[in-house]
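Colleague: Following the hints, put chain C in place on chain Z, whose structure we already have.
So the chains spell out like this:
There are 2 protein chains.
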Amino acid sequence: MSLFKKEEYLSRIEKTKTLMSERGIELLMVSHPANLNYLTGYDGWSFYVHQCVLVALDREEPVWIGRGMDANGARLTSFLSNESIFEYADNYVQSTERHPMHFVADIIRKFHWEKKSIGVEMDQFYFTHRSYVELEKSLPQASFVDANALVNWVRVVKSEAELELMGIAGQIAVNVMNAAKTHIRPGVRECDAASEIVKAQYAGTSTHGGDYPAIVPLMMAGEATKTPHLTWSDKPFKKDEAVLLELSGVYKHYHAPIARTIYLGTNPPQLMTDTAKVVIEGLAKTLEWIKPGVTAEAVEAKWREAISHSKVVKESRLGYSIGVNYPPDWGEHTISLRPGDKTILKPNMALHLIPGIWYDDVGFEIDASIYMTETGYKALYDYPIDIIYNDK
Amino acid sequence: MSLFKKEEYLSRIEKTKTLMSERGIELLMVSHPANLNYLTGYDGWSFYVHQCVLVALDREEPVWIGRGMDANGARLTSFLSNESIFEYADNYVQSTERHPMHFVADIIRKFHWEKKSIGVEMDQFYFTHRSYVELEKSLPQASFVDANALVNWVRVVKSEAELELMGIAGQIAVNVMNAAKTHIRPGVRECDAASEIVKAQYAGTSTHGGDYPAIVPLMMAGEATKTPHLTWSDKPFKKDEAVLLELSGVYKHYHAPIARTIYLGTNPPQLMTDTAKVVIEGLAKTLEWIKPGVTAEAVEAKWREAISHSKVVKESRLGYSIGVNYPPDWGEHTISLRPGDKTILKPNMALHLIPGIWYDDVGFEIDASIYMTETGYKALYDYPIDIIYNDK
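Residue numbers (this note's numbering), protein chains in the order written: chain Z, 1 to 392; chain C, 393 to 784.
Source of the hints: derived by calculation from the structure; they are not laboratory data. Virtual Cβ for every residue (Gly too), placed ideally from N, Cα, C. Among the clues, some could well be false.
[To be verified] The calculated SDA-like cross-link candidates involving lysine to any residue, where the alpha carbons are at most 25 Å apart (straight line), are:
no., chain 1, residue 1, chain 2, residue 2
1, C, Lys627, Z, Arg75
2, Z, Lys342, C, Ser487
3, C, Lys630, Z, Thr205
4, Z, Lys238, C, Met393
5, C, Lys618, Z, Ala71
6, Z, Lys235, C, Leu468
[What the hints assert, rightly or not] Under 10 Å between C-beta atoms, here's a sample of chain C residues computed to sit facing chain Z:
no., residue
7, Asp435
8, Met461
9, Ala463
10, His491
11, Phe495
12, Asp498
13, Ala541
14, Ile589
15, Thr599
16, Met612
17, Pro620
18, Pro661
19, Gln662
20, Pro719
21, Gly723
22, Gly748
Next comes chain Z alone, as it looks inside the complex (with noise of 0.2 Å):
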């Protein structure tokens, strides 16, 4: 059974196919696990072997394309009928010697649209090279168009149903954080500290069951502060050490992530106050600032504004787009918060605000977790704004 009701797919493989049409795309090939889970409800851990969805300007359902085994995945997870649900043999997988795509082929085959024009998501991981190169050889009269983040762009207004789910996920984003205040502690090993809090993501709440992250748990403590998206070693947490997390709560892989930095001690660095201070207080001038109708260089702007009276740089975008998601990544690849994108920020678009810094010697990182509303926006979760003191 699928998450959400038929109509709200129906809904979205229709925005899909507004979109396609602009573009002159006839059949579009969808690689990318979120992309199959927003447009049919699909969800396995079955993206390590080639499968995809395939939308057709002719067609009211997309058609699943996948491996053998997952084919009652799809029929358990989508809403899609079982006319829709193809599967390919299992010496497909890996082979040297025939390709997942020669199968592909063969239902586009099937469904006449071999002389179609094809959108393929050209630069996602999941469609490889080879899968093109085969698709282009086993179609010799089909023209390909590239249709890199299409869907990913149909994601980025969500409905409120999707909103719900990621308030949900803010409620265990707010868990999350909390098991890690609660266990990194001088003497703690690194490991065991990660442990609490991917069962805090998992957990989730009372009345609504976690799911796992898109990224993993990072966690850059001590030296290792000079750098982001590392994970946890097995060494003891030392006083007077910082910590800095990534981390996210998860809600039927719809993201709430949530940044701060630990300090094990009282008297943390001079450059780690500072910086703390201007990166804390830019970030709520831009918060207090950001509303529908402004682009998203314009949100930078404002926050590069905030704080050119100090010394702190950041050459790396301040956030992007986030919703539903599947590793390796939680941001949605669309909207990024930077000069040069001039994307309108509309209602129920979310953003992961993470103005990170990293120096040579120190590095500190909080965020915050929003989506726009009619007038400006709202926060997925409250939680403190600050570096959080564990000092003993």
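Modeller: Below, chain C without anything else, positioned relative to chain Z:
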């Protein structure tokens, strides 16, 4: 500081270069995160942006290229000297104007490799079609060769140091399955059991912290036992339902997968117990027989022969090679135990045998994670090979 000694990495690189020479590849571009880790020690959750390691026949050290904010991570976790680490600016990330492969091409030109024969991993996730197109466009004098799984095939024979880590992963696997056994009970929410399982995965043992698995805990209960690859819900387990589990112990990204079937009662359906008996005996006979010198397909034939007296049919492969890995798959994408795979098994190869059976109304899973010795095999863990009964 890298995980293994520099000599271990240099030996891996030497083996890679030998294979490159044999295939006429002068420069190898490696994109798979496990291959980056294997060749350099690099360990960061940064594979959701484009990154690579370049191995050139005419340079001893590989070259790491990634996003600016991840370069400190490369300095912290790899054995590479600073002269081998190159970082691209943040405005290359998910841009429609510029692509990280333009920067990679700049580095290739800087080292005068632009006319070389360049090997790329054409069917790996993490190397997209667009990456190939942009690289080819930027380097018109280069010739491109498919080097898919080239490094994976170097990884297939493990060093003693690697087997030691896999042994620790095996110890963790036992803790992980014990956590499942303790917490999967009628009335417990699936998400709460999953949270205890993942906690055991990350916590590891008292002497060795665990790591995140390349595949999250897979847990199929009740109706979902007709399929693999699903995750938990927030429903409570029911009395008299079966639960299929695909889990793993992980240490420093080295995996020891463990799969079992729990029955929440005393009287499973006859089809399940019949299937279990056939599969368990078939697996035992296969393991009695397996030894270095036989082919991967012969192992599968032995298994098929061992169950031929029964009605059990397994169409999918019996197993595959395992070792170091990152999401989305702990399978190495080299050896498959199935007809047509003529790889001769050698000492220090590691295999996951997983004869999973999914009927339309019930399934059964059990497994063995082993490595080949000089004369036979050694199991990565010792865990009862039987249905687990949890009846209260």
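Colleague: Against each hint, give a clear statement of whether it holds in the structure.
Modeller: Structure-based check of each hint:
1. C:Lys627 to Z:Arg75: Holds, because 19 Å separates the two Cα atoms, which is no more than 25 Å.
2. Z:Lys342 to C:Ser487: Satisfied, since the Cα-Cα distance of roughly 13 Å is no more than 25 Å.
3. C:Lys630 to Z:Thr205: Holds, at about 20 Å.
4. Z:Lys238 to C:Met393: Holds: Lys238 of chain Z and Met393 of chain C sit about 18 Å apart, inside 25 Å.
5. C:Lys618 to Z:Ala71: Holds - the C-alpha atoms of Ala71 of chain Z and Lys618 of chain C are around 10 Å apart, at most 25 Å.
6. Z:Lys235 to C:Leu468: holds (15 Å)
7. Asp435: holds (7 Å)
8. Met461: Cβ of Met461 of chain C sits 6 Å from chain Z, so the hint holds.
9. Ala463: It holds, given that the least Cβ distance between Ala463 of chain C and chain Z is near 8 Å, below 10 Å.
10. His491: holds (8 Å)
11. Phe495: Violated. Min distance 15 Å.
12. Asp498: With a closest approach of 18 Å, the Asp498 of chain C hint is violated.
13. Ala541: With a closest approach of 8 Å, the Ala541 of chain C hint holds.
14. Ile589: holds (8 Å)
15. Thr599: OK, holds: Thr599 of chain C within 10 Å of chain Z, min 8 Å.
16. Met612: This interface hint holds because 9 Å falls under the 10 Å limit.
17. Pro620: With a minimum Cβ separation of about 6 Å from chain Z (threshold 10 Å), the hint on Pro620 of chain C holds.
18. Pro661: violated (17 Å)
19. Gln662: violated (21 Å)
20. Pro719: Holds, about 5 Å.
21. Gly723: holds (7 Å)
22. Gly748: Since the shortest Cβ distance to chain Z is 8 Å, the answer is holds.
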